[in-house]
Each structure stands twice: as C-alpha cells, then as structure tokens.
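**Student:** Using the sequences plus the hints, can you model the full thing?
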Amino acid sequence: MHKYFIRNKISLLLITGFAAFTAMSYLYDLKSGKQIFTTRFIPFGREMLFFLPAMFILIGLLDTWVSKEKVQTLIGEGSGIRGNLLIILLAMFQAGPPYAAFPTTYLLWKKGASVRNIFLYLGAFSTIKLPLLVFEMTFLGWKFSLIRTLVTLPVIFVLSFIMEKSVRNRNFTVRKV
Amino acid sequence: MIVLIVTFLSVVVSYLVDKKKTIAGIQAGLRLFLQVLPSVFVLIWVTSTLIYLLPAGVIAHYLGREAGLTGYLLAALLGAISLIPSFIAYPLAGVLLKYGVSIQVIAMFLSTLFMVGVPSIQLEARFYGWRTAIVRNVVYLAGAIIAGTFIALII
Chain A
57 MHKYFIRNKI
67 SLLLITGFAA
77 FTAMSYLYDL
87 KSGKQIFTTR
97 FIPFGREMLF
107 FLPAMFILIG
117 LLDTWVSKEK
127 VQTLIGEGSG
137 IRGNLLIILL
147 AMFQAGPPYA
157 AFPTTYLLWK
167 KGASVRNIFL
177 YLGAFSTIKL
187 PLLVFEMTFL
197 GWKFSLIRTL
207 VTLPVIFVLS
217 FIMEKSVRNR
227 NFTVRKV
Chain B
4 MIVLIVTFLS
14 VVVSYLVDKK
24 KTIAGIQAGL
34 RLFLQVLPSV
44 FVLIWVTSTL
54 IYLLPAGVIA
64 HYLGREAGLT
74 GYLLAALLGA
84 ISLIPSFIAY
94 PLAGVLLKYG
104 VSIQVIAMFL
114 STLFMVGVPS
124 IQLEARFYGW
134 RTAIVRNVVY
144 LAGAIIAGTF
154 IALII
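Those protein sequences? They're chains A and B, same order as listed.
Numbered per this note's numbering, the first sequence spans residues 57 to 233.
Numbered per this note's numbering, the second sequence spans residues 4 to 158.
Each hint should be verified, as a subset may be incorrect.
Unchecked claim - Label pairs and their in silico Cβ distance ranges:
{"id": "1", "chain 1": "B", "residue 1": "Ile5", "chain 2": "A", "residue 2": "Gln91", "range": "30 to 36 Å"}
{"id": "2", "chain 1": "A", "residue 1": "His58", "chain 2": "B", "residue 2": "Ala27", "range": "20 to 26 Å"}
{"id": "3", "chain 1": "B", "residue 1": "Ala145", "chain 2": "A", "residue 2": "Phe77", "range": "32 to 38 Å"}
{"id": "4", "chain 1": "B", "residue 1": "Ile84", "chain 2": "A", "residue 2": "Ile98", "range": "21 to 27 Å"}
Keep in mind the hints are simulated off the structure, nothing from the lab.
The structure displayed is predicted, hence computed values, not measured ones.
Even glycine gets a Cβ: it sits at the ideal position worked out from N, Cα and C.
**Tutor:** Laid out in structure tokens, this is it:
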C-alpha cells in the first residue's frame, strides 16, 4: 500500500488538486468547475470504469492461459509478415481508449512478441480498431473510413519499422507498472 | 459493450475449465488496473478541462475554411495534444463539419488525435521509459501528419 502511494504520488497529488477545485466550485457555486465535472469528467470516467476493468481481467486471463512459446512463434522475432498481420488483426478486435493499449503491450512483450509487433499493435489499436471504424462510418461515411484505413495501414507499418530501428541496442523493454 | 460480453464469457469458460487459474488471472488483471488507475484518472480530468475550455464553436472558428494551411497545422496540433474517446470525437467531428470545417481538416485532426497522445505520455513512459515514449510520439506525429495529408488529398 505504501509502495503504491509512492509510485503514484504525482498522479495522486494532481487528483487531490482536481478534487479540491471541484469541491470549491460547488462550495462557491463556480459554474465552470461544476460543468467540467458533471458534463465532461463523469461521462468520460464512466467509459473508463466500464471498459478498463473488463480489459484488464481479459489481459490477466490471457496471461494465465496463453503460453510464451505459442506467442513467440506466432508474433515473436522472426514471425515475419504473418506475425505482423496477426497482431494487426488482434488489435482490430479490441476496444477501449487509446491508452488501454499500453498494458496489453506489456503482456505481449512478456510473452515474447517482437518489438516491431508491439508498435504495430499500438498503431493499429489506436487507428483502425473495429468499434472505432463502425462509429466512424455512421458519422463520416464508409468512404472516409475506407480511405483512412487504406492510407493509415502502410503508415503504421513504416512507423513500426522506424521504432524498431530507434530502440535497437537500447535494451527496449515494456515494464510492469 | 462487446468487451464486457467477451470478458464475461471468457471468465465463465475459464472458470469452468480451471477455477484456480481463473482467479489468479483476474487478480493479476485487477492488480494491473489499480496500478494505472491514478494516471488514467488524471488523464481524464485533464481532458475534461481541455474540452471544456475549447468548445466546438471556438475550434471551428480557428479551423474554418479561411484558415488555410494554418487550419491544417492547428488541427494536427489540436489532435496531438488532446485525448478524446472516439464516442466523443466523431460527434465532435460531425459538429465541426456543420460549422463549416472541411473534411480534409477533420481528417488531419483525427489522424493525430488517434496516433499521438501528449496527455497520456506520462502513462506511456511508465511502460516504455521516457525516451521511447517521447520518440514514439514524435515519430507517430510525423506519420500522422503524412497520413492526414494523404487522406486529405484523396478525399
């Protein structure tokens, strides 16, 4: 518990600050502070409280069930283009806010996924996951989604190559938080 | 919604096959969740404040048709520094369209919005270290601007 506070001290400090600001807004009837809380923070926070625990439980389950050897052959170093496509598919079938991808990459890394596939996962998850595409089509049309997907795919491929090069010889690792 | 169903089914199936493993898995997952919870909390609060300070009308004014190249650059910058969940980003994009912002500028905004996350960089750094987190955001920003430009040209 003590360790937890130390590791998260900056975040906890900021949370206290925000909470104090919100409390003051209610005490002194400050419109902006109240609105930030009720019309922005609550709806955003609701998404987090719904998605994240479920996602983390799924990560925990995958961790206990999927063996390292299996992951290594499928998406590890030397898994080639097939591994790349597989990781993109995996990313597309996920949901959640962009930052939800980081904990998943920790698991993938621990199980032996290659550096390139870690960054490919980040790229694909943030740009072309299916729930996002469905949402996009309803608001901006399927043509927009199609063009964006076709342009983005090669770009995230190139980016993952660049990242792979950038971390080479630098002992890249995904830490457990 | 789908995530909740998938998780629920996975837990049920996993529990039926191996009770011990399932409980260990859920515990490990929730422990990880608790570790990132404070960072995520801060992230949401910062985003909430940012969105409040920059309502759609104001954004549209700076990204409007007359804005030209500056509009694109602003859109890229705005996308990079904000972290909006897609269920807010797309309705926002719809509103911006109505205010007269071009679909090209919106493409640029969405591109950097998805690929770069300045507000989440502190969370990212805890997983990959500061150097990699910063390099990734810079590299992906360049990629997002290139992708955004191509999307804008094709549409």
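**Student:** Can the suggested window of 20 to 26 Å be confirmed for the beta-carbon pair His58/A and Ala27/B?
**Tutor:** holds, 24 Å
**Student:** Could you see if the CB distance from Ile5/B to Gln91/A stays within 30 to 36 Å?
**Tutor:** holds, 31 Å
**Student:** Given the range 32 to 38 Å, decide if the beta-carbon distance of Ala145/B to Phe77/A lies inside it.
**Tutor:** holds, 36 Å
**Student:** Between Ile84/B and Ile98/A, does the C-beta distance stay in 21 to 27 Å?
**Tutor:** Check passed, 22 Å falls within 21 to 27 Å.
Comparing the model with each numbered hint stated earlier shows that all of them hold.
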